[in-house]
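K.L.:
As a plain string of letters, each chain reads:
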Amino acid sequence: MVNRVNFLRLAWPVLLALLVVVPAAANDADADVAVSEPQVSAQPTPAFDWRAPMTVRSLPFGNALYEHYRSNEFAALTALMVADNRKQFAEHEASAKALLGSLQLQYGMLNESERVLTGTLKEVLPAPVREQVLVNLAKVRYRANDIDGSLRRIDALPVLANSALRDEVALMRATMLLSRGDGAGAATALAGVAADGDAYRYGLFNLGVAQLQQNQHDAARASFSQLLAKPATEPIARSLRDRTHLALGYAQLRQQQPTEAREQLLKVRLQGPYSNSALLGLGWSYAQNGLYAQALTPWLELLDRTPADLSVQEARLAVPFAYQSVQALPDALAGYQLALTAYEAELQKLDTALAAIKAGNLLALLPALTDEDAVALLRAQGRGDELYLARVLTSHDFNEGLRRYRDLLDLRAVLANWQRSLPIYDEMLRNHQRRYAERAPAVEAALAKLDITRYGSQLAQARSQVAAAQHSDNWQLLATENERAALQRLERAKAKLVKITATRASLQPSSVQPGFVQPGSVQPGFVQPGPLRKETDRLRLLAGVQVFDIIHDSADRQWQQRRAQRDTETAVVELDVRRARLLAARDVAANRFSQFGDRIAQQQGGANKLLQRAESLMAKEAERLNSQASTELLRWRKQLEEYRLQAQLALARLQDRASLGNGGAP
Amino acid sequence: MCKWFACRVGVFLAGTLLTSLLLVMAGAVGTAHAQDAAATATDELEALKKEVLELNRDLFILEEDLLFPASTQVAVFVSLDVGKFFRPDAVKLSIDGDELSHYLYTERDLDALRRGGTHRLYMGNLTAGEHELVAVFTGYGPEKREFTRATSLRFLKETGAKFVELRVSDDAAKQQADFTVREW
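Chains as they are written, first to last, in the numbering used here: chain A, 1 to 666; chain B, 1 to 184.
These are computed hints drawn from the structure, not numbers from a lab.
Treat the hints loosely; a few may be bogus.
Straight-line Cα separation of at most 35 Å, DSBU-like style, residue types lysine-lysine; simulated pairs [as the list claims (entries may be wrong)]:
1. Lys84(B) - Lys144(B)
2. Lys92(B) - Lys157(B)
3. Lys50(B) - Lys87(A)
4. Lys122(A) - Lys87(A)
5. Lys87(A) - Lys84(B)
6. Lys534(A) - Lys499(A)
7. Lys174(B) - Lys84(B)
8. Lys534(A) - Lys494(A)
9. Lys87(A) - Lys157(B)
10. Lys638(A) - Lys620(A)
11. Lys92(B) - Lys174(B)
12. Lys358(A) - Lys638(A)
13. Lys449(A) - Lys157(B)
14. Lys50(B) - Lys358(A)
15. Lys92(B) - Lys87(A)
16. Lys157(B) - Lys174(B)
17. Lys122(A) - Lys50(B)
18. Lys638(A) - Lys267(A)
19. Lys620(A) - Lys50(B)
20. Lys50(B) - Lys609(A)
Not everything, but these chain A residues come out facing chain B in the computed CB check (under 8 Å) [to be verified]:
21. Leu59
22. Gly62
23. Asn63
24. Tyr69
25. Thr78
26. Val82
27. Leu110
28. Glu400
29. Leu408
30. Val414
31. Arg599
What the simulated footprint calls covered on chain B by chain A, stretch by stretch (three residues with Cβ under 8 Å from a Cβ of chain A suffice, anywhere in the stretch; the number is not a length) [stated by the list, open to error]:
32. 41-50
33. 73-82
34. 117-124
Using N, Cα and C, we set each Cβ at its ideal position, and we do this for glycine too.
Turn these sequences into a full structure, and let the hints guide you.
P.N.:
So this is what it looks like as structure tokens:
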């Protein structure tokens, strides 16, 4: 009996690690890492679907939604803030603000988010958006670890129409109640969850663990059974199922129910992330029944596994203990010696890892680290301590810090980008200024020549001419340049003809009446008297044709004139507008250049200051991460030293008893 | 034998319990300190995020004012309504015969478009006056049949900023996609 208690005490660090509430979005890789108290889980904020209640009537708002749906929070936030500054939300003002507040929550800007979201509640919001805002306000308090505030807001929520939102709220409430040790309240909250998602499963698991911690074993079994009854095909669900079997198995071991514990532990997948703990527990379950030989099988299997695991390290003590229990004393002796050698080797690796952290190697790795590739990255560097470092890198607390560090990296990248761009804009502005200075004199000269008043009076004159030309009597005004010339030539010819006729009349004898020429009466050497009938007719004909052409096309010509008048008016107006614009541009040019110059200089100063702040915060965060990693490894080291001490003691006692002749039986 | 065992158990028990207790206590003290430090770091980070976002906004506005002043600014957006009859793969935009943008849509882009997002395809400058915009969409229709559709618009650029929307919507009556261009 005492013996059995002792086994469990030995397994206590492992058990501690297992009975930890799982953050809902926890990475399974960090599942074995010991945390001394249940953590309030960080619920993921699902991307809110703003589509259903609205048709987007503002392109900039639609663009912010596009970035939001592409999970590009920073770009979405910027798009919203720019559109807000330019007053481009149109009828979506309230919804856009609600989206802004929600994005700020997602981006970890809790104070701003609360301020903006509270402000939107004063506006008229579409019902689904209002629901989301109210839930997000509860979430803000929850994320700020203000459980009372968050629960108050949840209690004040109206009946939510959106079932997904209802589930989310129930899970949030369950997690918060669990963190306060209110298992019954959490169970009630979870009972209201309709959808069977990962978050719900994690909620059930956390509830079961909390119930175990409060020694409510029946309730815990009920919660775990509910979870185990669900199909598990996805990796996350299968991993959670392993963990549930493990928690149940260890709880039954503590209750001295080895057979039931074995049943649970045997259901854990042999190649899963929890198999080491399951193998260790399996050995203890046999040991509780006094079946040490059977206990050896899982424990020996553990010895071949990766050493950077507490279960493996503990198995190094458990194996010789089992040999000792079945009187295989030489094997027990060898086992303790092997354990000592292994602990020494592992302690050395830990020292290497600690030295590497102290030397700043971890910091150098941080910018390149992502959750998935941490181990691969470390392994690629050919270090012996990668498994220990990887354990640190995947721990929950470290990841929280790493997330802040990455946020800072992103902010620094944004600021560095502006720091590069601003001098370019400055240069561009100077080029504009130079070009303006080069062209300004020519423009000034052109402006000086431009006499809009003269154009105006010319236009007025033209207008009256066109108006006159609209009367049929003024057909001459419709003549083209050529026609006018032809008409003038005809007039001149007519005048000449009259003159010739007069001359001829003065040369005639008095008996001949001027204007009459008698055919056949012309005498040789004598100018024929009278009018030149043939030429006169011809002239009349030509003039008639000319007039006919003009009058025949008069409608078209009148229309052409009116159009030309309109075009001219437009051109003069445009010229006037351009002139006004040029004058205005000339007036503001100097101001504009200096205003842009000031803005660039001011923003450049701001960007530099913020960049310095980001770098200082990064350095602080990196130092904190470094210290966190060192502390974690030192805790490991302490545990290994404890195991080493136990192995040394056991070995010494075995040798003492053997030398006293009692065979070293336990 | 029992005496030896009891002694061994005692050492094991005391040692392991003590270690565990120390670890837990150290963890608890360390955790409280770490939580305070983390809270401060989170507050500082939030303040920095706020300021960087504000600076980013101001610089975006400055950039637009400088590079695309309202008097010449033209922005072209793409939107998708439902998208049952057409799944855009790429869009090519030309104005006055000059190809200005050629964008290939990823699945993530399409998802954002289907959910009501509007993609800003192009932002540039145009002189005042009349212009012709041509957009050529390449994509897949029902039965994954690949096809290309073009749509055009003659528009007048005046003194204010000009926004144009290229909209792909489903025409249930015709059982085909409808491509329209709208001036804002």
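K.L.:
Evaluate each hint against the coordinates.
P.N.:
Hints versus structure:
no.: 1; hint: Lys84(B) - Lys144(B); result: 11 Å, holds
no.: 2; hint: Lys92(B) - Lys157(B); result: 21 Å, holds
no.: 3; hint: Lys50(B) - Lys87(A); result: 20 Å, holds
no.: 4; hint: Lys122(A) - Lys87(A); result: 19 Å, holds
no.: 5; hint: Lys87(A) - Lys84(B); result: 33 Å, holds
no.: 6; hint: Lys534(A) - Lys499(A); result: 15 Å, holds
no.: 7; hint: Lys174(B) - Lys84(B); result: 12 Å, holds
no.: 8; hint: Lys534(A) - Lys494(A); result: 13 Å, holds
no.: 9; hint: Lys87(A) - Lys157(B); result: 21 Å, holds
no.: 10; hint: Lys638(A) - Lys620(A); result: 27 Å, holds
no.: 11; hint: Lys92(B) - Lys174(B); result: 25 Å, holds
no.: 12; hint: Lys358(A) - Lys638(A); result: 18 Å, holds
no.: 13; hint: Lys449(A) - Lys157(B); result: 29 Å, holds
no.: 14; hint: Lys50(B) - Lys358(A); result: 33 Å, holds
no.: 15; hint: Lys92(B) - Lys87(A); result: 30 Å, holds
no.: 16; hint: Lys157(B) - Lys174(B); result: 33 Å, holds
no.: 17; hint: Lys122(A) - Lys50(B); result: 23 Å, holds
no.: 18; hint: Lys638(A) - Lys267(A); result: 32 Å, holds
no.: 19; hint: Lys620(A) - Lys50(B); result: 19 Å, holds
no.: 20; hint: Lys50(B) - Lys609(A); result: 14 Å, holds
no.: 21; hint: Leu59; result: 5 Å, holds
no.: 22; hint: Gly62; result: 3 Å, holds
no.: 23; hint: Asn63; result: 5 Å, holds
no.: 24; hint: Tyr69; result: 4 Å, holds
no.: 25; hint: Thr78; result: 5 Å, holds
no.: 26; hint: Val82; result: 5 Å, holds
no.: 27; hint: Leu110; result: 7 Å, holds
no.: 28; hint: Glu400; result: 6 Å, holds
no.: 29; hint: Leu408; result: 7 Å, holds
no.: 30; hint: Val414; result: 6 Å, holds
no.: 31; hint: Arg599; result: 5 Å, holds
no.: 32; hint: 41-50; result: holds (count 8)
no.: 33; hint: 73-82; result: holds (count 3)
no.: 34; hint: 117-124; result: holds (count 4)
Every hint from the earlier list agrees with this structure, and none is contradicted.
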